[in-house]
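Given next are the chains, with one letter for each unit.
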Amino acid sequence: MKSFKRVCAMLLAAVMVLGLAACGGGETQSAVTNDDLVGQNADVTNTGNITKSGYVADTVTVAFTSATSLSPWGTSNNTPGNYEVYECLYEEDITGAVIPILADKSRGGNNPDGVPGYDHEAGSLEYTVYIYDYIYDHAGNHVTADDVVFSYNYQHDNAVTSGWDVLQKVEALDDTTVRFTFTHELDGVGEWEQLFIYCFIVDEDSWNASPSHLLNEMIGTGPYAQLAYTSGASLTLVAYPGYWQKEELRPQVSQQNAGKIVYKFINEVATRVMAFKNDEIDISDDIDTINTYDFLETGEYGDKFNVWTYPAGLIYSMWLNCSEKSLCGDVNMRKAVYYAMDTDMLIALTGGTNLPVNSYSNNSNVDYDPSFDEIESYNSFHGPQEERKALVDQYLKAAGYNGEPLMFLYQSDMQDVVTAIINILGMYGITCDSRGTDHAGAASILEDPTQWDIEYGQWGGSYLVQKWAHAYDWANTTAGDHTVNYIYDQEWQDLLMLVQSKEGHTTENMLKWLQMMYDNAYGMNLFNSTKSIVYRDNLHFLYRNNKLIIIPGACEYHEVSGS
Amino acid sequence: MWRYILKRLFWLLVIILCVGVLIFSIMYFVPGDPVQILLSGESYTQEYYLEVKHSLGLDKGYFAQLGDYLYQTFIKFDFGTSYTSKVPVMQAIMERLPRTFLLGLFSILISAGIGIPLGVSAGLHRNGFQDQGLLIFAMIFISIPQFWLGLELMLLFSVKLHWLPTSGCATALAWIMPVICNSIGGIAMNARQSRAAVLETVRADFVTTARAKGVAEQKVIWKHMMPNALIPVINAVGNSFANMISGTVVIENLFAFPGIGQYVLNSMGSRDYPAIRACVLLLATFAAVVNLIVDLIYAHLDPRIKAQYIAYGARKKSRGGLAKS
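Chains as they are written, first to last, in the working numbering: chain G, 1 to 563; chain Z, 1001 to 1325.
Hints in this document: simulated from the structure, not taken from any laboratory. Don't take every hint at face value.
Said to hold, decoys possible - With a straight-line Cα cutoff of 27 Å, these simulated DSS-like cross-link-like pairs (lysine-lysine) come out: (1) Lys547(G) to Lys1086(Z); (2) Lys1007(Z) to Lys169(G); (3) Lys304(G) to Lys105(G); (4) Lys260(G) to Lys52(G); (5) Lys1086(Z) to Lys1076(Z); (6) Lys105(G) to Lys169(G); (7) Lys1086(Z) to Lys169(G); (8) Lys531(G) to Lys512(G); (9) Lys397(G) to Lys52(G); (10) Lys1160(Z) to Lys304(G); (11) Lys547(G) to Lys260(G); (12) Lys1053(Z) to Lys1076(Z).
Just so it is clear, the structure is predicted and the values come from calculations on it, not from any experiment.
All chains should be built: construct the whole structure from the sequences, respecting the hints.
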């Protein structure tokens, strides 16, 4: 028995030593601050100042979340490679600048915004788009106005195309002219873009000739063509030598700066990090900042890779259930909870990689204004703890709170943040029970106001007002007469509608909407998260489109000695 | 014997049907709305939401949806189209199934090929160093979580040694770590099972008799002991094959291995009902068929079991005859 124990001990020790050796000896990370993270290589996506290298990288391998089809259809489509293989009438870069792609920029331009390639008279429901007459796809088919009509009709009828119900008719006037008729003039914020930069144009003959109708293969007009595809594993694209657009007319998004682009489908962030370290991938976005330390300048792999960390652009908000059936139905209770939410402490508790905020906004949006942060509210309160405590106590007393726990509903992958929030609230005497679920589960539970009091969620969008609409538009609920967190405030809803229209989309109106939010404690922004892109050091300009998707062919590379 | 097989086949169909109803009901009643997920990140009107819901057939009641599902699946053999990718589910499964099947097959070959000899050796040398070493090995490897083991393997073989790729399935090298990760637990299980089986046989009367007759020890082991000791092991190996096929979710996701497990996991997150139902049904069918095959092999190897089956058939026959007369 004694020898058995000795053998056991020796084996366990050996396993531990091997484990530590494999882990790199439990290497400690250097303390990295927000300042070190955000802004590192900040000029890497400066679209106004691209240094063209003229160098074509041989192969660029990109890690991407798993794709189960290559379908080009759907306005929320982000299938890998779609933006290299297919093209829309227009594109939009990260700064919001509209770029004609299939639309002929030498024609049109008679429209209120002066965008080339289309004509539109103010007050009219018709938009006439002109396309180039020499567009050919990878199968050699000539793409004409009829194919634009086919693509729009197919996408409208068969894919998820929210916001497309305004599309009444698309017709080809001749080979290069397409007339769109809408049910109303496209005067909402982002409405024109939703219709003209979210539909890939596919040649009807190519679609018919494809056995899977382009679900398992890609035949587009873009600068890259599909070379190989293994469902769920990888997609390889190659620079298409017969790309239709003349070289001098190609915008940055249509460049062919990589000979081959390989998309490897890797869902797990841990696996992506390992793949970088094993030199298997060159670029990956959507990596949590906390996982990038090894690739920073001071990290073990800092000589091979760079990290660009940026505000993720999402609003991380805490919703309180405003229904009378919830403890938070009382405005004083809501204010107590929001004042108790010490966001600086939350950021510190969650690793320090998130950025502080002062309002229900995000400075990465083009419609953000610094005056939003100047409104005095619980969202901008960063005062001393005693003052905070006094405010919380005052509101709790007014609400008659007796210590009953609030039900905190959250998505399970957010458990760390939620645990920190619950602890912070607990410091001020507000107790919570928590219930974790997945995205779908949360959406379902939210429909019952008796099942939850607090919810933590995140909202995205190109414009701030789109984020606000995602969170607070009555259209998001089945009944359509209240918000998801049970706010029945008609005036606030009307104001939301107003700021979403092009005319009403003013800083003044947005300030009014925010002020009403704070007066009634309808919501709170907790922090601005950061995301990181890790990329090989031979890349010196990173091109991302308006959906923040990296377009490897449009990035600029330079030769690295020894590469 | 044939009567027994037919009866098992009949029950197999019943089980598959029950699994179909069960998985449909679970997915129906579990919280989560696939339409909301499909539309997430977009601004949409209530009308549009209802339109999408209608187009997916999700606006009908439980029984209407169940009826549609059973008719499409069991009468028309149509498993539907994925909500998210729009690819026919059967097509997606058929692309991935061979990879998962091969992963399971390699894993079972390795776990049986290493585990059984280790177990036999331990059983034959009870309390020897082989036996104690095996107990420690089995204890460690049964308790190691696959996710952790996978990461450690990656750190060692990919990051430190640069021998193997971290993910994918394009090259033979890419299969090594997923197979090792999938087999480790099986090796330990098979080793323990074999050890126990050998220990049970080692003192059996027929072994003592063989030794008393002066049969050489090697012959006693390989001709008398092993065929008897390994019968329950074969049963366990067969069943663990079904488990390995259906239990690859963690491994496939970690190693970005495009198999059924990864497909199920992705489908779960998006509440892609047709994909989940089809995968579960397929895996249940696979497990049931493997069980049946294992039972038949068991009967083939063990004359006592075969005799039972034949006697069962004969009994049935004679009862039928009496009823007629």
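Inset, instruction - Starting from Lys1053(Z), check that the Cα of Lys1076(Z) is at most 27 Å away, please. - result: Holds, at roughly 23 Å.
Legend entry - 27 Å limit on alpha-carbon distance, applied to hinted pair Lys531(G) and Lys512(G): Given pair Lys531(G), Lys512(G) is violated - Cα atoms ~31 Å apart, limit 27 Å.
Inset, instruction - Assess, step by step, whether the Cα of Lys1007(Z) is no farther than 27 Å from the Cα of Lys169(G), and give holds or violated. - result: violated (61 Å)
Inset, instruction - Below or equal to 27 Å on CA atoms is what counts here, so check Lys547(G) against Lys1086(Z). - result: Distance ~22 Å between Lys547(G) and Lys1086(Z) Cα, so the pair holds.
Legend entry - Hinted pair Lys260(G) and Lys52(G), Cα distance within 27 Å: holds (19 Å)
Legend entry - Pair hint Lys547(G) and Lys260(G), alpha-carbon separation not exceeding 27 Å: holds (22 Å)
Inset, instruction - Mind checking the alpha carbons of Lys1086(Z) and Lys1076(Z) for me, to see if they're no more than 27 Å apart? - result: holds (19 Å)
Inset, instruction - Could you grab the alpha-carbon distance between Lys397(G) and Lys52(G) and see if it respects the 27 Å cut-off? - result: violated (63 Å)
Legend entry - Pairwise hint evaluation, Lys105(G) against Lys304(G), where the allowed Cα distance is 27 Å at most: Violated, at roughly 41 Å.
Legend entry - Restraint check for Lys1086(Z) with Lys169(G), where alpha carbons must lie at most 27 Å apart: At roughly 25 Å apart (the allowed maximum being 27 Å), Lys169(G) and Lys1086(Z) satisfy the hint.
Inset, instruction - Measure nothing beyond the straight line between the CA atoms of Lys105(G) and Lys169(G); if it is 27 Å or shorter, mark the hint as holding. - result: holds (23 Å)
Inset, instruction - Take a quick look at whether Lys1160(Z) and Lys304(G) sit within 27 Å of each other, Cα to Cα. - result: Satisfied, since the Cα-Cα distance of roughly 16 Å is no more than 27 Å.
Checked against the numbered hints listed earlier, the structure breaks hints 2, 3, 8 and 9; every other hint is satisfied.
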